[in-house]
Amino acid sequence: MATEVETWTTVQKHDGVLSFDDDVDMDHPYGDEDEAALEAEVNGNWTPQEKALHEARLKAKAKRRVRKSSSRSESLSESLSGELADGDSHSPKGKVPVPNDRKSRTGKGRGLPKKGGAGGKGVWGAAGMVYEVEEPDVKDPNYDEIAQGDTVYATVVPELDERELEKTVNPIVQEYFEHGDTKEVQMLLRELNLGHHKYEFSSLAVSLSLEGKASHRELTSRLLRDLVGKELSESDMARAFDKILKELPDLMLDTPEAPQMLGQFIARAIADHALPLAFLDRYKGKVDCDHARAALDRAAVLLSMKREMVRLDNVWGVGGGLRPVKHLVKEMNLLLKEYLVSGEVKEAERCLRDLEVPHFHHELVYEAVVMVLESKGDTAVKMMCKLLQAFWKIGLITVDQMNRGFQRVYDELPEINLDVPHAHSIMESFTDLCYQESVITKQLRDSCPSRSVGRKRFVSEGDGGLIKN
Numbered sequence: 001m002a003t004e005v006e007t008w009t010t011v012q013k014h015d016g017v018l019s020f021d022d023d024v025d026m027d028h029p030y031g032d033e034d035e036a037a038l039e040a041e042v043n044g045n046w047t048p049q050e051k052a053l054h055e056a057r058l059k060a061k062a063k064r065r066v067r068k069s070s071s072r073s074e075s076l077s078e079s080l081s082g083e084l085a086d087g088d089s090h091s092p093k094g095k096v097p098v099p100n101d102r103k104s105r106t107g108k109g110r111g112l113p114k115k116g117g118a119g120g121k122g123v124w125g126a127a128g129m130v131y132e133v134e135e136p137d138v139k140d141p142n143y144d145e146i147a148q149g150d151t152v153y154a155t156v157v158p159e160l161d162e163r164e165l166e167k168t169v170n171p172i173v174q175e176y177f178e179h180g181d182t183k184e185v186q187m188l189l190r191e192l193n194l195g196h197h198k199y200e201f202s203s204l205a206v207s208l209s210l211e212g213k214a215s216h217r218e219l220t221s222r223l224l225r226d227l228v229g230k231e232l233s234e235s236d237m238a239r240a241f242d243k244i245l246k247e248l249p250d251l252m253l254d255t256p257e258a259p260q261m262l263g264q265f266i267a268r269a270i271a272d273h274a275l276p277l278a279f280l281d282r283y284k285g286k287v288d289c290d291h292a293r294a295a296l297d298r299a300a301v302l303l304s305m306k307r308e309m310v311r312l313d314n315v316w317g318v319g320g321g322l323r324p325v326k327h328l329v330k331e332m333n334l335l336l337k338e339y340l341v342s343g344e345v346k347e348a349e350r351c352l353r354d355l356e357v358p359h360f361h362h363e364l365v366y367e368a369v370v371m372v373l374e375s376k377g378d379t380a381v382k383m384m385c386k387l388l389q390a391f392w393k394i395g396l397i398t399v400d401q402m403n404r405g406f407q408r409v410y411d412e413l414p415e416i417n418l419d420v421p422h423a424h425s426i427m428e429s430f431t432d433l434c435y436q437e438s439v440i441t442k443q444l445r446d447s448c449p450s451r452s453v454g455r456k457r458f459v460s461e462g463d464g465g466l467i468k469n
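For the sequence shown, counting from 1, position 283 maps to 283 in the UniProt record's numbering; every step adds exactly one.
It is worth saying that the hints were derived from the structure and are not from the lab.
Please note: incorrect hints may appear among the correct ones.
Said to hold, decoys possible - Quick list of in silico lysine-lysine cross-link-like pairs, PhoX-like style, CA-CA up to 20 Å:
no., residue 1, residue 2
1, Lys386, Lys326
2, Lys284, Lys246
3, Lys183, Lys243
4, Lys183, Lys139
5, Lys286, Lys243
6, Lys284, Lys346
7, Lys51, Lys61
8, Lys442, Lys393
9, Lys63, Lys51
10, Lys337, Lys376
Stated by the list, open to error - What follows is a list of derived Cβ distance ranges for each label pair:
no., residue 1, residue 2, range
11, Ile394, Asn333, 17 to 23 Å
12, Val345, Asp400, 17 to 23 Å
13, Ser447, Arg190, 53 to 59 Å
14, Glu412, Glu247, 49 to 55 Å
15, Asp281, Asp137, 55 to 61 Å
16, Val287, Gly343, 41 to 47 Å
17, Lys183, Glu145, 37 to 43 Å
18, Ala390, Val287, 43 to 49 Å
19, Gly212, Glu412, 35 to 41 Å
20, Ala278, Glu178, 33 to 39 Å
Predicted model, so just to flag it, every value in this text is computed and none were measured.
For every residue, glycine included, the Cβ atom is placed at its ideal position computed from N, Cα and C.
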């Protein structure tokens, strides 16, 4: 018995195989019954059945130890050689890789194919896929405004509605009537967001000019010509005139001549290529309003007068200071001659206002005084004094313009005297009358040049050449 136990306890140690003692010390494989059996064996009190049972147990445990130690040595050698190891079944690294397995090796992910099914070596994604720069979301909790770089702020102009449009456009048009610069109007329109109400700018400008002067209508026609192709299109212009034709009965309440004026606007716009040539053809036989028909007929007549479609630059006349000086002088001479015939101060006032040259009214004073000097009789003297007095009282002719007109006559009186021998005496009497009627000042009357006293007449034309004593 002792020899058998000794042979069991002196098992040789192989490489990678744990000894019996080491295994006992490390794993403690024996329980309480085994320890009691060993103690009984040492004491020599075992029965044959107990001995056989104990030997069977030892053989079975030895087989398990050898099998376990061999698996440990194989895993250790595989890990040293860099191959995958068969470890714990619960560890993701210990699993045997399955061919064509798309699951994540790290235990993460949803098991979906990578890159949308277009993965692989040298492949960056599916065909036709475009990679764009990911824009940061402001609502992202990790959004950092400073880290995003410079922030660019853009000005957004809201679209004007119909009420705000009229309040905004009217001051622009009124100011344009003062300076006449179309480029400034274009710049102001670019700053506005008119939206689909853009065509209403033209209709408002035409409506305002109908209530103004002829020069305002001329400026409006020029503005429409310059805006087409830049800020407005021909369709926008046609739409604007369609609206004006519909509103023509209301416009006639303030401007009875609105149909004729609108016809001139249409003809001028077609000649300036602001309206399409087929604009009038669209209304043939389709107009029920008599006023709109009159406006279209007026436009057709004006266009038929210009066979070669020459621009109707003079449809409104030449406004104010844009007219040549000779033309203004001619108009004022005609005005004064008509007044001497009719004697209507109101008509003369209207004609002078229509010229729209307040800075050139001194020419009217000059021409009136010259007509007095060249006239025969006292009728022209009294009528011209009455006209100048009327213009002075209503403020149509200012003090500066009145003084300047008389002073021009004073300066040219020696030359006038060559054609009118009694010019000095007529001038003195006329200035005295104007001073009495409060037309000129005392200083202006006193500055009137008198006939030269240095020249003495020795021989009279009717004395037969005799020298007087």
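Going through the earlier hints one by one, which of them does the structure break, listed in rising order? 1, 3, 4, 6
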